[in-house]
Amino acid sequence: MSNVRLNWKLPTPNARQRPIARTKIEGRTSPSLPWGEINLVDAPTQTLLIQDIAPGAWEFRATVIDAGNVPSSSVTAGIDIAFDPPSPVTEFSAVLE
Amino acid sequence: MRVLLILAALVGFEAHAQTCPTAPQTPSRNTASLSWVRPTQNADGSALAANVPLTYTLYRRVGSTDTAVCTTNGTNAGQLNLAVGQHCWVVTAKTASSAESAKSNVACKTVVDPTPGAPQNLTVAADATAWTIVQSRDRVAFVAVGTVAPGTQCDANQPVLDKFVVPRASVTFAGSVQPEVVLASCG
Chain A
5 MSNVRLNWKL
15 PTPNARQRPI
25 ARTKIEGRTS
35 PSLPWGEINL
45 VDAPTQTLLI
55 QDIAPGAWEF
65 RATVIDAGNV
75 PSSSVTAGID
85 IAFDPPSPVT
95 EFSAVLE
Chain B
3 MRVLLILAAL
13 VGFEAHAQTC
23 PTAPQTPSRN
33 TASLSWVRPT
43 QNADGSALAA
53 NVPLTYTLYR
63 RVGSTDTAVC
73 TTNGTNAGQL
83 NLAVGQHCWV
93 VTAKTASSAE
103 SAKSNVACKT
113 VVDPTPGAPQ
123 NLTVAADATA
133 WTIVQSRDRV
143 AFVAVGTVAP
153 GTQCDANQPV
163 LDKFVVPRAS
173 VTFAGSVQPE
183 VVLASCG
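The listed protein sequences correspond, in order, to chains A and B. When we follow the numbering used here, the leftmost residue of the first sequence carries the number 5, and every step to the right adds one. When we follow the numbering used here, the leftmost residue of the second sequence carries the number 3, and every step to the right adds one.
Honestly, the hints are just simulated from the structure, not real lab data. Be a bit skeptical, because a hint or two may be false.
To be verified - Computed footprint of chain B on chain A; a stretch qualifies when at least three of its residues, placed anywhere within it, have a C-beta under 8 Å from a C-beta of chain B:
hint: 1; region: 25-33
hint: 2; region: 36-44
hint: 3; region: 47-60
Only a predicted model underlies this, so the values are computations on that prediction, with no experimental measurement involved. Idealized CB from N, CA, C, for every residue including glycine.
Whenever a hint applies, use it, and build me the whole structure from the sequences.
Here's what the structure looks like:
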């Protein structure tokens, strides 16, 4: 099992934007599956540690949510978490035939 | 004269009080086995000979009211078929010619509803999503990893929030993430 740290940079709201409230972090394990909400990270935090996740190809996406609960478009990042190598054979021996 | 009549009525009641059932050999939820120790002294402190027959009256105590339920010559009694709730008893002793002793300490038993057996055959009701657990900071979340076939047996002993562990072999994984522990909504 592995840990994955997600990092991001929050945008600076301009005069036409509300303050940023939080970032929604979602994950999925296949494009055919729905996104699952992993956490809501309050601003100004820009990092999240995901612990003990299984190996394989993961996708994560971050969506900024402003003080009016309006979401931004999402930004996606993927990571391949390596599988462990196979265990060696056991009771390996050589006999004369 | 009036006092004598009241006393006669009380004696008559005791004479007709039921004999106490014997204490059940095997304790059960809705029975009580009551036992007490024979007194060795009279109320005035003099010795009570061990060969003097005693009759014990068992009272059911509800609040501050004691109601005689049965008599016995032994030092134990059973109370059977008790309803759900708390039941308390006290006991008194008397000889054939003496007045009734003071009441003993109170012994109580609380009968509770029986715990139902575990539900059986918890299964995935319909084609359902298989989930893995993802932990981050202060939260545990579920992320989909595939589907579970309907009828799959769920492990009722391993609930996680509203989901249950299902056999990994029953899961069709959609991607390369194939965790060891997979959950589904069941029932």
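Now for the hints, and whether the structure bears them out:
no., hint, verdict
1, 25-33, "holds (count 4)"
2, 36-44, "holds (count 7)"
3, 47-60, "holds (count 9)"
Violated hints for the displayed structure: none, as all numbered hints are satisfied.
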